[in-house]
Amino acid sequence: MSFVRIVCRYLSITAVFFLSSVVIASEIKIQLNVPRLDVDPYHKPYIAIWLETPDREAIGTIALWVEKDTWFKDLRQWWRKIGRTAGGSLDGVTGATRLPGRYSIVWVATDQKGEALPAGEYLINFEASREEGGRSYVRKKITLGEHNSIHVAGSNELGEISITTE
Amino acid sequence: MNNSVIKIFFSIAAMLLAAHVHAHGRWVVPSHTVLSGEDPEYVTFDISISNDIFYPDHAVGGIPEEKLANDDAEIRKVPPPIKALLDSSRIQLTKPDGAVQSDYTLVDFHRKSVASALLDQDGTYRISLVQNPIYFTWFEKPDNSRGRLFGKAEKVKALLPKGAKNIRTTKLYNTVETYITRNDGDGSALEASNNGLELKYLSHPNELFVGERFNFKVLFDGKAKEGVGMHLIRNDTRYRNDRETIELVSNDKGLVTVEWKKPGLYLLEMEFEKDASEDGVTLETHANYIVFEVFPE
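The listed protein sequences correspond, in order, to chains Y and R.
Mind the numbering: the first sequence is residues 1 to 166 in the numbering used here, read in order.
Mind the numbering: the second sequence is residues 1001 to 1297 in the numbering used here, read in order.
Incorrect hints may appear among the rest.
[Said to hold, decoys possible] Once the Cα atoms are required to be at most 30 Å apart in a straight line, the calculated DSBU-like pairs of lysine-lysine come out as:
| # | chain 1 | residue 1 | chain 2 | residue 2 |
| --- | --- | --- | --- | --- |
| 1 | R | 1200 | R | 1141 |
| 2 | Y | 141 | R | 1261 |
| 3 | R | 1171 | R | 1223 |
| 4 | R | 1200 | R | 1157 |
| 5 | R | 1152 | R | 1261 |
| 6 | R | 1162 | R | 1217 |
| 7 | R | 1095 | R | 1077 |
| 8 | R | 1223 | R | 1077 |
| 9 | R | 1157 | R | 1217 |
| 10 | Y | 140 | R | 1225 |
| 11 | Y | 44 | R | 1274 |
| 12 | R | 1077 | R | 1152 |
| 13 | R | 1274 | R | 1223 |
| 14 | R | 1253 | R | 1274 |
| 15 | Y | 141 | R | 1262 |
| 16 | R | 1261 | R | 1171 |
| 17 | R | 1223 | Y | 68 |
| 18 | Y | 140 | R | 1262 |
[Unchecked claim] Far from chain Y by the CB rule (all over 12 Å, computed), these chain R residues:
| # | residue |
| --- | --- |
| 19 | 1025 |
| 20 | 1035 |
| 21 | 1039 |
Quick caveat, the hints were computed from the structure, so don't treat them as lab data.
Beta carbons: idealized from backbone N, C-alpha and C, even for Gly.
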């Protein structure tokens, strides 16, 4: 019995050691609604979702739904924080503009080098800008490494948003 | 200290601190202050002089628009000193790589002048209205009323009224500018020239958002300048009864901080006077007019 106990303790120590040396990137799950608007003509919104440190230093773009680069500047906060310096690093997250509807995004929380972000507080940003329409911008504090869900009510160009961290 | 002494003290302090901007407002308003994308893009500039901020009143010079329509058109007459000033006007771009270009076509549309430039470099451009300095000769008439003539005293001698006294000449340097940033990579256009009255930016003038602070330093000939008064006026003055002028003064390190409360297009006006170094000139006035665009958060 005592041998088994010792082995168990050894195993648990190994497990703790293993967990502390390899940080598994946590995921951010996002549900985003592109609102249906009763306007004619309707242009699909340009939308950017990105992560910043609590001091508003850019970490990375989570999603970018756009068309022509001449209008990227209208996602003003995203453009100044990330867009203008991002260049080719956006290829993996860029897609076409979306029709009204509900969209799910799962983002593995990593930095530009692909390394897992440490647990702690971050700012998640959502910005939408629409030709012949308005602009909406939402910035929320989230905590990586903590299971939590945040809901943000819709505003002009952004529908309801939910963000789940773990 | 008795009350009246305190009152006098504060009224003098207020006089010293208030922004004394004597000349008309003037500006270069760009069609865009931020550009994105790979293709070079044109930006068009509206340049005007007016006390009704951002509502154009007087053009600053350029090819008269009537001349564009008809070579034989009769061109409006302007008094020679003003014509010389208007003829000296040009739009100058200091590009991100430091190159300076000023051969842009400027057209005079009566109330405003208009120019355009193709921006093909990445980084920040400085766009300036460049004009010859202006000499004014001030005098008092025998009835003690004040008068003013364009030009240095020796040039306008013949035009002075009989018995004019307290004749003095001021030389006015105007800096009228704005900034545009295309993509990334600031470059050198915002670097201080260490010549005359200018601002050294501690925050980027093309990244202004409500709720954030904007910091800059006032320099004169490259040295921090304390106590320079200035004010900021937001666009759309015609549609509100209160001008909502923001008054500012540079501190002992020349620093100024603005906390933006409302988005809009802003005109910063500042003026600084000093003894003149030039013969026959009493005072030099250095005035800067800078357009900033502030975005909602």
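Could you work out which earlier hints the structure fails to respect and list their numbers in ascending sequence? Checked against the structure, the hints that fail are numbers 1, 4, 5, 6, 7, 8, 9, 10, 11, 16, 17, 20, 21, while the rest are satisfied.
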